[in-house]
Amino acid sequence: MSQPDARKDETEDFLEDILGFNFRSLRTLRDLLIRPRRVFETYAVRDRETYTPSLRLWLGIISIQVLFSVIWGGYGGILLSQWQSQPESTIASIETAMGGSIEAIAGYYGDVATLLHAIVVGGSTAFSAFLIGVFNKSLSWAARINITFGILTAASVIGLLMLIVAAITGTMAFLNWSIALIALIYWITFARGAPGILARSRTGAVLKGALFSFVTMLLVLLGGAVMAIIGFVYAAIRINGG
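Residues in the sequence shown are numbered consecutively from 2, following this note's numbering.
It should be emphasised that the hints constitute simulated quantities derived from the structure, not laboratory data.
Since the model is a prediction, treat every value here as computed from it, not as a measurement.
Don't take each hint at face value.
[What the hints assert, rightly or not] Here are the simulated SDA-like cross-link-like pairs (lysine to any residue), alpha carbons at most 25 Å apart as the crow flies: (1) Lys209 to Gly75; (2) Lys209 to Gly160; (3) Lys209 to Val166; (4) Lys138 to Ser125; (5) Lys209 to Ser179; (6) Lys209 to Gly134; (7) Lys138 to Phe128; (8) Lys138 to Arg193; (9) Lys209 to Ile35; (10) Lys138 to Arg201; (11) Lys209 to Asn137; (12) Lys209 to Ala181; (13) Lys138 to Thr43; (14) Lys209 to Ser141; (15) Lys138 to Ile189; (16) Lys138 to Ser70; (17) Lys209 to Gly242; (18) Lys138 to Leu81; (19) Lys209 to Leu182; (20) Lys138 to Gly61; (21) Lys209 to Pro54; (22) Lys138 to Ala200; (23) Lys209 to Ala184; (24) Lys138 to Ala181; (25) Lys138 to Arg203; (26) Lys209 to Gln87.
The task is simple: from the sequences and hints, build the whole structure.
Printed below as a string of structure tokens:
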């Protein structure tokens, strides 16, 4: 290895140790958005050098999302903002059901969501790897997981941008479109990356992409429901002296 290459590798290692990202990570993010098929091909043959493992990237993006949410008031702050836009009758119903103010409920919910949201929702969406395996049984489990989280990472980047825009503009309604947009990104990323790897034709890639997006969104909603149950049960216990 030449001296410039050695210095470049050392710089990338340093950045990854400090920031969790390096130039390879940024290149992987770029290609997942611009040319996902190339990334999928690399993951399929278990090339460990060209691109960063997608699970690591996904965790990094989620960490940044958590950081922004904390700056913005955390998951509790986001929930409180949504509730405060509701009619007084709705707020009163929530407070009666939970036995406390919406501020207290949102605060306790935010405490547990900050710790568990990524784990619960991410853990549920990871089951999409089984569907990837159905589409191509020859793929190793490492390849299935990398392709799955590659798709999730592309959508998470868009989700992060939406969160930033919503935080800057103070427009919570902007996030109401997030579910539809995230589902669309799942579909588009799969359809563009799948030909020759997960589907034999472009039509097959589009159809399988629609199925993947649908199943993954169901898993996201399931994870969100589980997180809501955990968060609100915890809030109710704390409010009522548990």
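Cross-check of the supplied hints:
1. This hinted pair does not check out: lysine 209 and glycine 75 have alpha carbons roughly 36 Å apart, beyond 25 Å.
2. With a CA separation close to 23 Å, the supplied pair lysine 209 and glycine 160 stays within the 25 Å bound.
3. Restraint check for lysine 209 and valine 166: the C-alpha separation of about 31 Å exceeds 25 Å, so the hint is violated.
4. With a CA separation close to 21 Å, the supplied pair lysine 138 and serine 125 stays within the 25 Å bound.
5. The straight-line distance between the Cα atoms of lysine 209 and serine 179 is roughly 22 Å, inside the 25 Å bound, and the hint therefore holds.
6. This hinted pair checks out: lysine 209 and glycine 134 have alpha carbons roughly 12 Å apart, not beyond 25 Å.
7. Distance hint between lysine 138 and phenylalanine 128 is fulfilled; the C-alpha atoms sit about 15 Å from each other, no more than 25 Å.
8. Of the pairs offered as hints, the one joining lysine 138 and arginine 193 holds, with about 20 Å between alpha carbons and a cut-off of 25 Å not exceeded.
9. The straight-line distance between the Cα atoms of lysine 209 and isoleucine 35 is roughly 20 Å, inside the 25 Å bound, and the hint therefore holds.
10. With a C-alpha separation of about 14 Å, the suggested pairing of lysine 138 with arginine 201 holds against the 25 Å cut-off.
11. Annotation: proposed proximity of lysine 209 to asparagine 137 holds, straight-line Cα distance about 11 Å (limit 25 Å).
12. The hinted pair formed by lysine 209 and alanine 181 meets the criterion: a straight-line CA distance of about 18 Å does not exceed 25 Å.
13. Between lysine 138 and threonine 43 the alpha-carbon distance is near 17 Å, which keeps this suggested pair within the 25 Å criterion.
14. Distance restraint check for lysine 209 and serine 141: the Cα-Cα separation of roughly 19 Å lies within the 25 Å cut-off, and the hinted pair is therefore satisfied.
15. About 22 Å separates the Cα atoms of lysine 138 and isoleucine 189, which keeps this hinted pair within 25 Å; it holds.
16. Distance restraint check for lysine 138 and serine 70: the Cα-Cα separation of roughly 39 Å exceeds the 25 Å cut-off, and the hinted pair is therefore not satisfied.
17. Under the criterion of a C-alpha separation no larger than 25 Å, the hint pairing lysine 209 with glycine 242 is inconsistent with the structure, at around 49 Å.
18. Distance hint between lysine 138 and leucine 81 is unfulfilled; the C-alpha atoms sit about 45 Å from each other, more than 25 Å.
19. For the proposed pair lysine 209 and leucine 182, the alpha carbon gap of about 18 Å is at most 25 Å, so the pair holds.
20. The straight-line distance between the Cα atoms of lysine 138 and glycine 61 is roughly 29 Å, outside the 25 Å bound, and the hint therefore fails.
21. As the CA atoms of lysine 209 and proline 54 are separated by approximately 23 Å, the hinted pair is consistent with the 25 Å bound.
22. For the hint linking lysine 138 to alanine 200, the alpha-carbon distance of about 12 Å falls within 25 Å, and the restraint holds.
23. Of the supplied pair hints, the one linking lysine 209 and alanine 184 holds, its CA atoms being roughly 13 Å apart against a limit of 25 Å.
24. Restraint check for lysine 138 and alanine 181: not satisfied, since their Cα atoms lie roughly 29 Å apart, outside the 25 Å limit.
25. For the given pair, lysine 138 sits about 19 Å from arginine 203 by alpha-carbon distance, which is consistent with the 25 Å threshold.
26. Using a Cα cut-off of 25 Å, the hinted pair lysine 209 and glutamine 87 is violated, with the two alpha carbons roughly 39 Å apart.
When held up to the earlier numbered hints, the structure conflicts with 1, 3, 16, 17, 18, 20, 24 and 26 and fits the remainder.
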